[in-house]
Structures are given as C-alpha cells and as structure tokens.
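K.L.:
Each protein sequence line maps, in turn, to chains A and B. Take 46 as the starting number for the first sequence in our numbering and just add one per residue. Take 3 as the starting number for the second sequence in our numbering and just add one per residue.
A hint or two may mislead.
Said to hold, decoys possible - Just so you have them, the derived chain B footprint on chain A, three or more residues with Cβ under 8 angstroms:
{"no.": "1", "segment": "46-59"}
{"no.": "2", "segment": "62-75"}
Claimed, not checked - Not the full set, but computed from the structure, chain B residues with beta-carbon under 10 angstroms of chain A:
{"no.": "3", "residue": "Gly364"}
{"no.": "4", "residue": "Val549"}
{"no.": "5", "residue": "Ser554"}
{"no.": "6", "residue": "Val674"}
What the hints assert, rightly or not - Pulled from the structure, derived: some chain B residues nowhere near chain A, Cβ distances all over 10 angstroms:
{"no.": "7", "residue": "Asp179"}
{"no.": "8", "residue": "Tyr226"}
{"no.": "9", "residue": "Ser227"}
{"no.": "10", "residue": "Asp241"}
{"no.": "11", "residue": "Ile636"}
{"no.": "12", "residue": "Leu707"}
{"no.": "13", "residue": "Ile729"}
By construction, these hints were calculated from the structure, which means they are not laboratory data. Only a predicted model underlies this, so the values are computations on that prediction, with no experimental measurement involved. We put the CB at the ideal spot given by N, CA and C, even for glycine.
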Amino acid sequence: MWWEYFIIILALVLSVTFLVLKYKNKIKHPEEGCKNCPLASNCEDKKSF
Amino acid sequence: MNGFGRRLRRRGRGRDRYFDDSNKNIIRIALAGNPNSGKTSVFNALTKQRQHIGNYPGVTVEKKTGRIQYDGKVIEFVDLPGTYSLSAYSLEEIVSRDFVLREKPDVIIDILDSTNLERHLYLLLQFQELGVPIVGALNMSDEAEQKGIIIDKQQLEGILGIPLVKTVGSKGQGVQDLLKTAVKVADGEILSNKRHLNYGTRLENAHNDIIRVLSTDPDFVKKYSMHWISIKLLENDRDAVEKVKQEHQNPDGVLLVAANWRQRIESHFGEDSEVVVSEQRYAYIRGATKETVHTKTKEGYINITEKIDRIALNRYLGIPVFLVIMFLIYQMTFTLGNPVSGSIGAFFGWCSNSLESLLPSGPLLDFLTGGIINGVGGVLVFLPLVLFLFLGLSFLEDTGYLARAAFVMDKFFHIFGLHGRSFIPFMVSSGCAVPGIMSARVLANPRDRIVTIMVSPIMMCGAKIPVIAMLAAAFFPEHAGLVFWSIWLFSWVSALTLALIFRNTLFRGGQTPFVMELPPYRMPTVRGVLYHMWEKSWEYVKKAGTVILAASIIIWFLLSYPKLPEEDATITSNLEVVNEQMSSQFEGSHISGNNTAQQELIYSFGGRIGKAIQPVIKYAGFDWKLGVSLFAGIAAKEVIISTMGILYGIEGEQVDEEASDDEIMLKDRIEVDPNYSPLVALSLMVFVMIYIPCIATLVMVKKELGSWKWPLFQAAYTLFVALALSIGIYQVGSLFISGA
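Put together the whole structure using the sequences plus the hints.
P.N.:
Okay, structure coming up:
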C-alpha cells in the first residue's frame with residue numbers, strides 16, 4: 046500500500062530532523078545532561094554552564 | 003508574588019529595560035564566599051532570582067549578576083565564583099580577585115558559614131588585604147545555633163574591623179539587614195575594613211620594605227592595593243609577580259627585594275614563605291574565633307558525622323568502603339530489578355502480538371513491530387534496573403556520602419597524575435559525558451583539563467547502563483550485580499590508567515593543590531530520594547520516547563532496505579526449505595533462524611556496514627550484527643540495545659522453543675544465539691565501555707578544546723584501545739574456554 050510507505054518515509058524524515066535538532070540543542074544546553082549526574086542535588090552551579 | 007518580583011522576572015527576559023544603565027546611582031556589590039557557604043541562596047534572596055541551591059563544592063567559573071532597585075538606587079549584585087582562597091591556583095580564584103582588582107566593586111559581601119567560621123574567615127582576610135569595603139554575612143546562623151555554636155558578633159566585628167550580619171540565606175532571614183548594611187557601607191555611613199591583620203615582626207618588616215619599593219611607581223600605587231601586592235609577593239604568587247613585571251616601572255628592583263625577603267623568611271622559619279604567610283593567617287583566625295566563638299556541648303550532632311568519617315575517610319578503609327557500597331547498590335539493582343524487567347518485556351510482546359492481529363502484514367506492521375516496539379521496548383525493558391540503580395545513588399547523594407567519595411578519590415587521583423578536581427568531571431560523566439566535559443572547566447591547568455576531557459567519557463554513563471545490564475543479566479544471571487560492578491570498576495581503572503599514560507607521555511607537567519569541602523551527613527527524606535530517583539529515571543523514559551525512537555526508526559530503515567531482489571529471495575527460500583527438511587531428519591539439531599530474513603538483513607544498508615566491519619571485529623568475537631549495533635551506538639549508546647532488538651525482530655524467531663512467545667526480551671534472544679557466549683559478552687562490555695564516545699560528546703569536546711583534532715584523536719585512540727582490549731580478552735579467553 047502506498048500510504049504505508051508514505052508513513053514510513055514521513056517518520057524517517059521527522060526522525061532525522063528531530064535528531065539533528067536534538068544534538069544541536071544538547072550542545073547549546075549541556076546542563077540538561079546534569080539531570081543524570083550523581084552529584085546533581087549537591088551541585089550549586091549547574092546553571093552556570 | 004508581589005509586583006516587584008514580577009518586574010524582576012520581566013527584567014530577566016528583557017534585560018536592562020527596566021533599570022537604566024546610565025543611572026549614576028548604581029551600587030555594585032560583589033558576593034564572595036567559600037563553596038558551600040550558602041552564597042547562591044543569599045544571591046537568590048537578594049536578587050529574587052530562582053536558582054538551584056545546593057552544597058557541593060562549586061564548579062562556578064562564570065559571573066552571575068542580578069539587579070534590584072533599593073531606596074531609589076540601583077543595586078547590582080555580582081556572584082563571584084566560590085573559592086577557598088585568593089591564590090592563583092585555580093581559575094575561580096583568579097576570576098574572583100581580578101574582578102575585585104579591576105572592577106573595584108563598592109562593597110564585597112563575604113558569605114561566611116557560621117558553622118565553620120574558622121575556615122571561612124581565611125578568604126575574608128584575603129579580601130581585606132585587597133582594601134575593598136567588606137560586609138560579612140554570618141550565614142547558616144540557624145544551623146550554628148542548632149549545633150550550639152554561639153558567635154559574639156559585636157566582638158568579632160571589633161576584631162575584624164568590618165560589620166557583620168546574621169543571615170539564613172535559604173529562608174531569606176537577615177538578607178534585608180545585610181542589604182541595608184551593605185548600602186550604608188557603600189555610602190560611607192558605616193566604616194568597614196579599617197584593620198589589617200598583623201603578620202608578626204619579621205613578616206611585617208618584609209611587608210613594609212616591599213611596600214616601600216612598590217610605592218616608587220605612583221601609577222602602580224593608584225592601580226593596586228600595595229598591602230595586597232606586597233603580601234602576594236611574599237607568597238611568590240605568580241599572578242602578582244606577573245603584574246609587577248608588566249606594570250611596575252622598576253620590576254627588577256621590586257622582585258629582587260621580595261626574593262631576598264622570601265629567602266630570609268624561609269631560612270628563619272624553615273618553611274616555604276607561602277606556608278608561613280598562610281600559617282599567620284590561620285593563627286590570627288584561631289585567635290579571633292577563640293575569643294568570639296563558643297560551642298555548647300551538643301555532641302550528638304557533630305559526633306555522628308565525625309564517627310562515620312573516621313571510617314568513610316580513613317586512609318586505608320575509605321576506598322574499600324566506597325567500592326563495597328557501590329557493589330551493594332549494583333547487587334540490589336539486579337536482585338530487585340530483573341523480575342520486573344521480565345514483566346515489561348512481556349508487555350511489549352503483548353503489544354507486538356496485538357498489532358499483528360490488528361494490522362495486515364506489510365511494511366507498516368514490520369515498521370511498528372520490528373522497528374518501534376523492538377527498538378524502544380528493548381530499551382524500556384531496563385527501566386526497573388535504572389529505577390533501582392538511581393534509587394541507590396540518590397540515597398548516597400542525599401546523605402552527603404558522595405562528597406566523601408570525592409574526597410577519598412582525590413588522593414587516589416593524584417597517584418594517576420590527575421588533579422583532585424578531575425573527580426568532578428569523572429563523576430558528572432558517570433551521568434552524562436556532555437556536562438562532564440564542560441565541568442572540566444574547573445581545572446585551571448590546560449594539561450589537566452585536556453587529559454580529563456580525553457578520559458572521562460570512558461566512565462559508565464547513563465546510556466551505557468542498559469547495555470551492560472542486559473549483557474550481565476543474559477550471560478551471568480547468577481552474578482549479574484558482581485559483573486556490573488566489575489565493569490563499573492573497570493571503567494574507573496581504565497580511565498585513570500589512560501590518564502596516567504597521557505600524563506607521562508603527551509601531557510607532562512606539575513599539579514596544583516585542592517581542598518574538598520565536606521558537608522555534614524544528613525538523613526535523606528523518603529520524598530527527596532524518590533524525587534531524585536524519579537527525575538533521573540524520567541530522563542531515561544523521555545530519551546527512549548524521543549532520541550531512541552527516532553534512532554530506531556532510522557536504524558530499522560537502514561536494516562530493512564534495500565530489499566533483496568526477488569530471484570535471490572526465492573533461491574534463499576528454497577534453500578531454507580531444504581535445510582528444514584534435512585534438519586528434521588537429524589533430531590536435536592538446531593535451526594538457527596530464518597535464512598531469507600538473514601540474507602535480507604545482510605543485503606540492507608546496515609547489513610553492508612556490519613559486513614564491512616566484520617573482518618576486524620571478528621577477532622574480538624563479534625559478528626556482523628554486533629558490528630551494525632556498535633556502529634549505530636556512536637549516535638547514543640542505548641542505540642546498541644535498540645539496534646540489536648530491531649535486528650532480532652527482523653530476523654525472526656531465534657528464541658529457544660521453551661521461551662514464551664509473548665516475551666521480546668533481547669537478553670533471552672541473544673542468550674540462545676550460538677554466536678554469543680559469556681566470553682563474547684565480556685569482550686563486548688569492555689568494548690562498549692571504552693570505544694568512541696557518542697556524537698554529542700565529540701562535538702562538545704571540539705567546542706571545549708576549540709579544535710576538531712581533539713575529538714578525532716579521542717575517537718581514534720578509544721577505538722584502538724577498545725579493540726585491542728576486546729581482542730585480547732577474547733583471544734586469551736578462547737585459549738582457556740573451549741567452545742567460546
């Protein structure tokens with residue numbers, strides 16, 4: 046069915062776009078990764094990155 | 003929130019529209035203090051800004067400012083980096099003192115921890131030497147009272163020659179009094195900083211003689227506090243020496259006099275002149291606090307911390323205790339998490355089956371079951387393990403133990419040629435390497451910084467956890483906790499060993515000292531621990547639903563297309579029928595999966611990549627499917643799991659016939675794959691821990707070190723080391739284990 050391929054291609058394009066934007070954002074806002082840090086609750090300055 | 007608060011928030015977005023910079027009536031107040039003094043909370047209370055408040059030794063290297071309007075004046079606050087002293091050892095110290103010297107704030111508010119006044123007064127004395135008006139905030143005065151510490155504020159004010167205000171920054175208590183006093187000092191209504199400490203006859207003679215020579219240059223006198231430069235020259239402070247060299251009319255004369263005095267002091271006291279100066283400061287502080295600080299015997303509060311620290315910080319027991327605690331956490335993670343993981347696997351199996359009964363077979367059904375459910379489900383199956391792991395770590399974090407771990411590891415780091423502060427990037431990297439790389443900014447020495455950045459991504463970050471957990475649970479079910487702990491330990495040992503190699507080859511050089519602040523132990527609240535656990539685990543779920551989902555879609559596509567040409571598929575299918583007939587004649591022989599599906603996989607884009615890598619990685623025991631997964635894992639390490647899930651999903655049933663049809667547990671699938679064995683799993687775990695960091699980390703390394711040569715070097719050397727170790731493990735292991 047053509048619409049099945051259409052959904053797959055759309056999902057593919059959206060995924061690539063999302064990942065590119067996500068990586069750009071991660072570099073711009075590295076402090077988001079601080080949420081996983083074992084020292085996060087003791088860290089005064091994660092916003093200063 | 004009142005109207006004033008709202009205005010401040012608005013100003014935060016459209017900076018300086020509300021307060022005009024041209025206003026002559028601006029008072030600049032710098033906030034200084036040791037890390038853990040509660041400086042950030044006082045800054046927040048003064049500026050009404052919402053920021054995170056904590057008590058871990060700071061990693062601030064950037065300046066934070068905030069403005070308010072008070073009594074018709076604009077008050078600008080500058081939050082200086084948290085420092086223990088104003089020596090030129092760290093970037094924070096240099097940033098702080100350069101700000102005071104160059105920007106000349108009207109007042110410095112020095113935030114002092116009332117529960118640990120002796121240590122905190124050291125920085126205050128150094129600010130006094132800079133000759134700037136100071137107001138001292140006796141912060142955490144409530145905690146001091148709880149501990150039975152009574153400070154005679156009036157007497158201490160007299161001794162130090164500065165006004166003091168009692169505050170509780172976290173509750174905003176006393177902050178308005180502090181502001182009022184600071185404004186009065188700035189306006190000259192209250193005199194501050196009238197006294198300097200007396201360093202004793204010999205040091206004072208030296209000090210005065212150096213001031214005499216310094217004063218021969220009137221421009222230099224206008225620029226700096228002679229008192230401060232003179233003391234710094236006695237300490238042989240490299241930054242002060244540089245200032246004299248570059249800006250004084252007679253640098254040789256000044257430096258010669260200073261050198262002569264240093265030599266005389268050293269021969270008289272038998273100590274380095276810097277040590278003598280700091281000992282004099284501490285002696286003065288001890289005297290001042292003895293007079294003004296009294297402690298009632300509330301022994302219980304303090305002694306618990308001291309008693310625990312006797313073991314936790316013990317020279318010999320500290321590191322074994324840290325290792326045992328981490329082992330117990332990992333053991334608990336697997337014991338409690340594994341059974342729940344099985345239920346989640348069954349749930350995704352049920353989802354797959356339901357979709358199959360709802361949708362006709364075709365590319366969309368393959369996409370949904372093989373791509374999305376196998377990819378995302380494969381990662382989410384490990385959520386219980388992640389939850390229990392973060393439960394344990396959050397508990398340790400909230401008790402204050404992790405700061406002790408930092409202290410213990412500090413000594414250990416020096417053995418490997420790393421600065422104690424490198425522990426911070428290492429620990430942050432064990433959550434995520436991207437902020438870990440950034441936190442290496444705390445290292446002033448460029449060599450320390452580069453080495454730390456090069457090795458810290460080897461730590462077991464959140465993304466590697468599900469990969470290692472899956473392999474440990476699949477191949478070492480009885481000892482999964484022990485294996486996971488061993489791999490965690492291995493990541494530390496390999497990162498430190500590589501640092502030692504770098505420090506002795508590419509990046510030779512000296513080290514600088516480091517002081518670690520230790521907050522008291524606290525009993526964590528259930529709410530706090532659960533909140534931290536949830537915060538971290540939710541990140542995992544979010545990542546599975548976003549990055550992993552997107553990556554799974556791309557990988558499924560790469561592993562499904564292009565399709566095998568019709569005639570090739572027919573030949574493979576016919577061969578498969580023959581194979582099935584033959585194997586049915588030989589009872590007990592194992593049918594290793596669906597050949598057509600495997601040929602299709604090999605024919606796909608992803609399969610071609612895997613096949614291209616295979617000639618190299620086969621020596622480490624990896625087949626082409628692992629090659630594809632590891633290649634995809636460069637995007638993000640969890641993608642290794644989702645790729646394997648997709649591969650097995652596409653390839654079809656390879657699960658043991660006794661296994662439930664409803665389960666899509668990847669670990670059950672690879673467990674019965676003849677290409678895997680405990681030895682391959684071990685080799686794979688080592689490879690995953692070390693090989694090329696994820697793309698986001700590499701880009702961050704480039705950003706931090708300013709050149710692509712560093713991330714390229716990092717990718718190359720980690721790949722080489724990972725491959726060498728994995729091949730070594732597999733080849734040596736194969737000699738001992740038959741059939742590996």
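K.L.:
The structure should be examined with respect to each hint, and the outcome stated for every one.
P.N.:
Here is what the structure says about each hint:
| no. | hint | in the structure |
| --- | --- | --- |
| 1 | 46-59 | holds (count 8) |
| 2 | 62-75 | holds (count 7) |
| 3 | Gly364 | holds (6 angstroms) |
| 4 | Val549 | holds (6 angstroms) |
| 5 | Ser554 | holds (8 angstroms) |
| 6 | Val674 | violated (30 angstroms) |
| 7 | Asp179 | holds (24 angstroms) |
| 8 | Tyr226 | holds (28 angstroms) |
| 9 | Ser227 | holds (28 angstroms) |
| 10 | Asp241 | holds (23 angstroms) |
| 11 | Ile636 | holds (12 angstroms) |
| 12 | Leu707 | holds (14 angstroms) |
| 13 | Ile729 | holds (31 angstroms) |
In this structure, only the earlier hint numbered 6 is contradicted, and the remaining ones agree with it.
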